[in-house]
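Undergrad: Sequence:
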Amino acid sequence: MAETIDSYGRVSIIKDEEKSLPIYRVDIPEFSDAERKILDNSQTFIPSEIIRESEKFVTYEERNKFLRYYLKKKITEELESKNEKLDNIDIILSFAMGDLYGYGILAVILDDDKIEDILVHGISVPVFVVHRKHGMCASNISFENVRSMESMLAKIAKNAGRRIDEESPLLDSRLPDGSRVNVAIPPAAPKGPYITIRKFRQNPFSITELIKLGTMGEEFAAFLWVCVEGLGIRPTNMIIAGGPGSGKTTTLNAIATFIPQNEIVVTVEDTIELNFKFLEGWSPLEAVPSILQKGETILTMDMLVRNALRMRPDRMIVGEVRGPEASSLLVAMDIGLYGSMGTLHANTAREMVTRMTQSPMNAPMVMIPLLDLIIVQNRIRTKEGGVRRHITQVAEVGHIIQGNVELGIIYEWDTEANKLARTQYPISLKDTLASNAGITKVELDAELKRRESVLRYMADNNIMENRDVLKMIREYKDNSESVIAKIKGKDKKKGWW
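For the sequence shown, our numbering assigns the number 395 to the initial residue and increments by one for each residue that follows.
Hints were generated in silico from the structure; no laboratory data involved. Treat the hints with care, since some could be wrong.
The calculated BS3-like cross-link candidates involving lysine-lysine, where the alpha carbons are at most 30 Å apart (straight line), are [unchecked claim]:
1) K824 <-> K835
2) K459 <-> K409
3) K459 <-> K527
4) K606 <-> K813
From just these sequences and the hints, can you work out the full model?
TA: Set out below in structure tokens:
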């Protein structure tokens, strides 16, 4: 028996007892002849001069908004001239924009901000999606023939400045919207083609959204606020570890809003996923082979990290540490780029240390104590069959004792309480933070409580957009007493104080 368990826009999530996965169904209407003609010739609606004009916009969002507005105007005019209804203009526009960028039939899925990953496993096979709420789903969309897929792959390769063929059957790049795409075709993928897209969220999750989702609580978020900001003196060096799809980058994006606005921050990634556009001093570097000309040396992560040291950053952030760049990141911490951070695949704090000190990273054990914190995040399946991402372990990094790095587990996931909980292990980092800031530990604890109240206020009042969260954080930095006074005044009415 099939049951609709969720719906929004043109999307329905259907649970069928006879199927192992939920169905992600997109309502695609029957198009009229006039609508079909528009879809078949959508690129003729945007002349080359408009394409050139769109290139003056710096960001994808601005360019996309400009082109979408122009295309909607022209398509509307065409339909009205034929006395056609405009009920389907939104989905026609999605397909038309998708054709422009080379997304093909995946355009309607890419338009859904609730989708994390898109997986294509061949011809006449349902496209699979990873939904933020419902996990893995099988969609009602598929590539019906090789031609439609080859056309899309050709555009993806062209946009990446690469080729995809039998001699070069692998492609790792990103789409115009910033989404990461990996393609494997025969002979590398005998049963392929396979396409994997990790969607780039144009509006990253804010810290308050992560609190509402249960990734972390207000208390730990306040602790991270102090650690990342450093009380204006000395920010904390940290690694966020976890398995694939555990939300490491999402958490890193969220806590980056605590970075002071006057800092120069360099991010280094294999393919750009971090989005720090709220920082004026953000310089992203990307190790993408497609930007190289034939015969040039492959651009590695380690090369970029070492080059970033010459860019005079205040801190460095490395997305997905996997190789020799691990040592270079630790060197950055050692020379005073405090508050540097990175993500790494590991399921526990101890495993992170082991992975970082062994091949292919080979970071010297003696450098590991340059880290202050290790945050571990994991995917946890719910009873309803969905997926939740939670911080499950937080460890302080201590000294090396008898050849082993001392780790103090200060927070750990409590399965009974279903939340991240403090352990009995004392947080020595609090002493360091207080000492660096010239305050007592009692004063630091009071400051943490104040920041916790600010975060709770934002979460309780659904202040979720990053721009609004940033505004509150900046106001707190400029005049914390004023912010606390406003919150207390409103909280009293709701019985929170």
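Undergrad: Take the hints in turn and mark each one as holding or not.
TA: Hint by hint, here is what the structure shows:
1. Among the hinted pairs, K824 with K835 is consistent with the structure: their alpha-carbon atoms are about 7 Å apart, no more than 30 Å.
2. At roughly 35 Å between alpha-carbon atoms, K459 and K409 are farther apart than 30 Å, so this suggested pair is violated.
3. The suggested pairing of K459 with K527 holds, with an alpha-carbon distance near 27 Å, which does not exceed 30 Å.
4. With a C-alpha separation of about 12 Å, the suggested pairing of K606 with K813 holds against the 30 Å cut-off.
The structure does not agree with numbered hint 2 stated previously, though it agrees with all others.
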